[in-house]
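Once you've looked at the hints, go ahead and assemble the two chains, each given alone in its own frame, into the complex.
If you want the building blocks of each chain, they are given just below.
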Amino acid sequence: MTTAVADAAHHVEHGPAKGFSRWLFTTNHKDIGTMYLIFSLTMFFVGGTMALIVRSELAQPGLQFVHPEFFNQMTTMHALVMIFGAIMPAFVGLANWMVPLQIGAPDMALPRMNNWSFWILPVAFCMLLSTLFMPGGAPAGGWTMYPPLVLQTGDSFPFLIFSIHLMGLSSIMGAINIIVTIVNMRTPQMVLIRMPLFAWAWLITAYLLLAVMPVLAGAVTMLLTDQFFGTSFFLAAGGGDPVMYQHIFWFFGHPEVYIMILPAFGIVSEIIPTFSRKPLFGHDSMVYALAAIAFLSFIVWAHHMFTVGMPLSGQMFFMFATMMISVPTGVKIFNWASTMWRGAMTFETPMLFALAFVFLFTIGGFSGLMLALVPADIQYHDSYFVVAHFHYVLVPGSLFALMGAAYYWLPKWTGHMYNETAGKVHFWLSAIFVNVLFFPMHFLGLAGMPRRIPDYSTQFADFNMVATIGAFGFGLSQLIFVYVLLTCKKGPPATAEVWDHPKGLEWTVPSPAPYHTFAEPPKVDRTVAFPKDYD
Amino acid sequence: MIRKSLTGLIGLVWAGGASADWALNMPQGVTDLSQETYDLHMMGFWVCTVIGVLVFGVMIFSLIKHRKTSGVAPAKFSHSTSAEVTWTIIPVIILVAMCIPAAKTMIKLEDTRNPDISIVVTGYQWRWHYAYQDQDLAFYSSLARPSLEARQLGSTIDPYSVDNYLLEVDRPMVVPVGAKVRVLLTSNDVIHAWWVPELALKKDAIPGMVNEIWFRAEHTGTVRGQCAELCGKDHGYMPIVVEVVEPDEFDKWLTANGGTPKAVAAAAK
Ligand SMILES: [Cu+2]
Ligand SMILES: [Cu+2]
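Protein chains in written order, with my numbering: chain L, 1 to 535; chain G, 1001 to 1269.
No lab work stands behind these hints: they were computed from the structure.
Fair warning: there could be bad hints in the mix.
Distance condition first, Cα-Cα at most 25 Å in a straight line; then the derived PhoX-like pairs of lysine-lysine [to be verified]:
{"id": "1", "chain 1": "L", "residue 1": "LYS424", "chain 2": "G", "residue 2": "LYS1068"}
{"id": "2", "chain 1": "L", "residue 1": "LYS424", "chain 2": "G", "residue 2": "LYS1065"}
{"id": "3", "chain 1": "G", "residue 1": "LYS1076", "chain 2": "L", "residue 2": "LYS503"}
{"id": "4", "chain 1": "L", "residue 1": "LYS523", "chain 2": "G", "residue 2": "LYS1076"}
{"id": "5", "chain 1": "L", "residue 1": "LYS424", "chain 2": "L", "residue 2": "LYS490"}
{"id": "6", "chain 1": "G", "residue 1": "LYS1065", "chain 2": "L", "residue 2": "LYS503"}
{"id": "7", "chain 1": "L", "residue 1": "LYS503", "chain 2": "G", "residue 2": "LYS1068"}
Chain L stretches covered by chain G per the calculated footprint, using a threshold of three residues with CB under 8 Å from any CB of chain G [to be verified]:
{"id": "8", "region": "276 to 284"}
{"id": "9", "region": "310 to 316"}
Ideal placement from N, C-alpha and C gives every residue a C-beta, glycine not left out.
Extracted from the complex, chain G is given alone in its bound form (with noise of 0.2 Å):
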């Protein structure tokens, strides 16, 4: 019985992991800074892990060990400055090494030089705007039909019949596989925050500011995000599709929208 509903947990856990339901870590996501990022997230996820082995170890023992049903007497001791000195230095110095290799991600996390594509997105209550600079090419991409529809408080429509429910744009934005996209982000009116999990970038979208983030996509496919700053009623109905294709895709893309492909694609290359 127990081994029957255990497998038939394994099986819910692995048939759910496939459909990226009960999700349980962070995605790699498509770029290297992703994976990154990625790698500084598990590095924190294990020191933590360690130091809470021994330490709940060390307690769940003298939980065990040290009660008085077990009729011990209780000791006197009440300090010892060797120990805390001890544990005083060493997170000192694991911190110290923890900081490092994060302070090397984000030095290139901030390298928004020379862009092979500039894209101006800019927050409105409650879509986005993206204008790509040079292509001569800009529109507004807000939830998409389907998702509005059934997202209505009272509606008939089932969530799970929606293909990407909440995460489907009207008009998505679409960019060349390796290129280096300079994202350059403000608001129309309140804050906003661009957040595509896949490409580890999340940023404030501000009024009167311009923020500047950049991704370079390792793979051609969809990436999806959301707003990640309260900016309103319908702050959880603005979401992010990214697009990655191949460069003469991208330039075909351009042309059927009316935009002008520039040498961009040839560069990525």
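One chain only, chain L, in its complex shape (with noise of 0.2 Å):
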């Protein structure tokens, strides 16, 4: 820890520029990676408000405030800057920050395309949101964008693609970036198989953003040729298939799920055993599993096509390799618990995002399963039960554990302590608004409503009602974070390992970590990934 700290002083002249050209033309990793957190909170309540919009018009039944051409363009737009804006971001930002940090290296192995990789995101986003105020407005065909209704698409159609294409472009540098930094940049004694979780669920997430995001770019090439050059890959009528566009974009669309959702595994196997006091129960098939889910979701991307029309040995197939998903995905959780028991366990505001992040994205698993089961999923293809199942995903799921490494690394971020009650009561409301907005979907799915309708029979209003008034609790509640991160400089100072002997390099740097850290290599316990003496 002391070398660290000589280091940081040592290394005092290369401190940041000043003013906007800082943010412009860095290339520092951990100015790179609050740039993406500032810019997924952002997107994260522009994708909020557009979800309240939704959920506003869908109170009661009847049209009360949008027509339903802007509220298809509301549930598309509220997908694509959740997924592509909000999360995916988030998870990168704090990779930025945290993996040269957890691995031992100065910075990330590629420094100029990781300016670039982030400042491509604004533009992205400035194309796509502007398609809004457009003749025809915003893309409404649904964020999966199946032609042939995506081709009907008005003028936004190829600022839609074009803003995918940067997108994916982005997540790309990204992926390179994390991978040679960390197959080139571990301090040397790190083992790769002892990495920090983090890191690992990083490292696999990063294959999976390189094998995909190039496939969604194709998918959507053919899309805009289809339209403006007179291919016919989707179009019946010039011999194509609309139903290969879906199989194209699930073999993206399936890996997506687990990218936004590995790096929350690893988050989730970071925060658990710091507060259990334990080390991390089976760290190795913690990465075995997170390999396997990898693998496993490169096969089963057409269980979201079961009402497609499939040979019954496709539909086999596809069902029974599903279901093996949830294998190791069960062992990562069986771990949690494991790591838990006889553990010393205390509950700060990190923890308990971890913890609801357990039992709920357990909840989005069960429902997952169950959809597997390919009758039933006949009939929860496309209704509620699916929205309830990927958003307790996604929400309890992959925003809880983002939110959790907030406030873990918060402290090391500023320098100082958040404020805990404030971080308790944005945790607690949260977690019962979460289950307010989302859990009564289930019941209106299973009672037969269809998923992206702005309307409904009156025998589903309220759930309905039900749902948009957690929808408004949870969103409200939200802004109890954006207190938190504009008071926690008023915070007491942090030491540099701000919790009770949390174990991994990130906390033998003084918090805030310096501009500069780890010029000369750390040296870690070959057997721990972090040194030993430091306890």
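Printed below as a string of structure tokens:
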């Protein structure tokens, strides 16, 4: 630890530039990480506002606020903004901040590209959001962009495609950077298998990104040429096949689901041991489970397509492969439970979010298992049951993990302890309202309410009202998080360790982490990936 | 006070159940296969519930017992090969056991051979077209007028005053009870999906392709559904109504609408 402090002092002359150029030209992983995180929080509120418009319209039967065209634009844009603008960049931001700190690297391996991969994003999202003001409005064909419907999009169509190209470009560059950093820049004694779980999860996620973002780019490019250059990849009239798009899309889309959850697994695997005061149970099997999930994610895509008409053997294969995913996922949950077992737990805000993650993500996993049963899936498909399922995985799943990570590492980033009471209030309100919001959707789907409809039969009215109340409660609770961030600088100074003897290299540097860290590779114990003497 | 509000709540749920509001579960439906689908759904639900109770139970016990404030020193263990092997193998066995009944139902769902009636259902933006293949009858089926008027933005008509709001059509699809009905699905424009929960059927209607499904309704009555695949602005407004009637009534309906009754109704008997 003393070495790190000395290094920081020695490098003080390389502090950040002043003003806006610091952020525009920065190649510093911490600055870029911060920008990613602020950007994703902004997008979270943009996408959340769209969700609240959707939920307002759905509060009662009948149309009260918006036309169906605009409703469809809101559902489509909500998904695109939340997936590509909020969740994914937030994980990349955490990777930027924490991966170099966890593996003892001075920065990301490709710092200039790192700057690029961030600054592409605001451009992509300005373009995407500008479609709201175009003739014909924003894309309204769903985030899955199924042809032929998506080809009915108005002037915004090419902007949609191009913004997705840009997001893909950003993700691919980010992924390359993370892989190169982890593979080449680990401190010499850090054996790959012993690497902290967050870094491991990101290494695997980065390979998923590399594999599937080009597939998405290809699919949307084919949409572009179908629209403007006379091809018929997906147009039945020209001999094309609209179902082929769905196969290509979901070959991207299912791994994408894991791109949004594997880093969350990594985060939870960091937080639970710290607050249980016990080493992570089954570190290696956690890594193998991540790898198994990543592999399986490539061979289950057609479970999104059980109603398109598929050969029986195909349906059976995809059903069985999908169910197999619950084996490594189960291993992870059992391992987290075993980490808690006979620990000495305390319940600070990061731990609360991590625990809620384990419980509520598991509920999303259960509905996922039910969705794999083909005849039942035929009923669930495109109903509110599916909406409930993937929101359980993404909101109390990915988002709670992100919130937990923010609280966990915030003192390391800012050098101050956040307001613990406000954090706990934020957690409890979020945890209660997220269930009020999404749990009734299971019932709506089972009772027969399709997704993506602006209005519904009166029999669905009651649970929709409950869900809308939950939505506003959840949305407003997130403002507490903004309050926590804004008041953080007023908190008491944080120590280097922040928590009660957490394990990992990031806790050996001072808080706030100096602008440059690990100019010389730190020494770690080969068996545990952090300095042994440091207890 | 608490007891009073509790009774009130139970009364509310009960009354709600009667009017199908606050409905909690999937309908069991009107065909053998919808019943099988429901059973599979419940099997999935109970398997998840049992696993959930066990896993959550262990975690909640741990949350109560293994906290720092109770003064325990944290244990040091970090792996157990036998435990890890056990909780890898047992789920595999459970999953295989779940797949077997699902596969049996899937085989039946695919068996569209020897239908008594074949109906070509074509999706349009935004209504359905039904063509009875051997009965010389074809017609469009659109959202019924009262729903159409009530659904407009700024409409003063209360949706609750409209019978079967958004689930009523001008011309329903009519089928005889007990007959094996084959539905051939396609589309004229974008992808739609024909979903009737009580029949446990949902299949995409895709331009340039024909998808086949089948059902055999066991009771007379009316079942309702909706388009399930986003198909543009009026996706929420293309309901499906299937009326299941006695075979002689089906013949009468055919004749009254200009169709030709075939011997199907008798065959269904
Ligand atoms: Cu999937
Ligand atoms: Cu539709």
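Against the structure, the hints:
1. L:LYS424 with G:LYS1068: holds, 18 Å
2. L:LYS424 with G:LYS1065: Answer holds: LYS424 of chain L to LYS1065 of chain G is near 21 Å, not above 25 Å.
3. G:LYS1076 with L:LYS503: Roughly 14 Å between the alpha carbons, so the hint for LYS1076 of chain G and LYS503 of chain L holds.
4. L:LYS523 with G:LYS1076: Holds, because 24 Å separates the two Cα atoms, which is no more than 25 Å.
5. L:LYS424 with L:LYS490: holds, 18 Å
6. G:LYS1065 with L:LYS503: With a Cα-Cα distance of about 24 Å, the restraint between LYS1065 of chain G and LYS503 of chain L holds, given a limit of 25 Å.
7. L:LYS503 with G:LYS1068: holds, 18 Å
8. 276 to 284: Answer holds; 9 residues pass the 8 Å Cβ test.
9. 310 to 316: holds (count 3)
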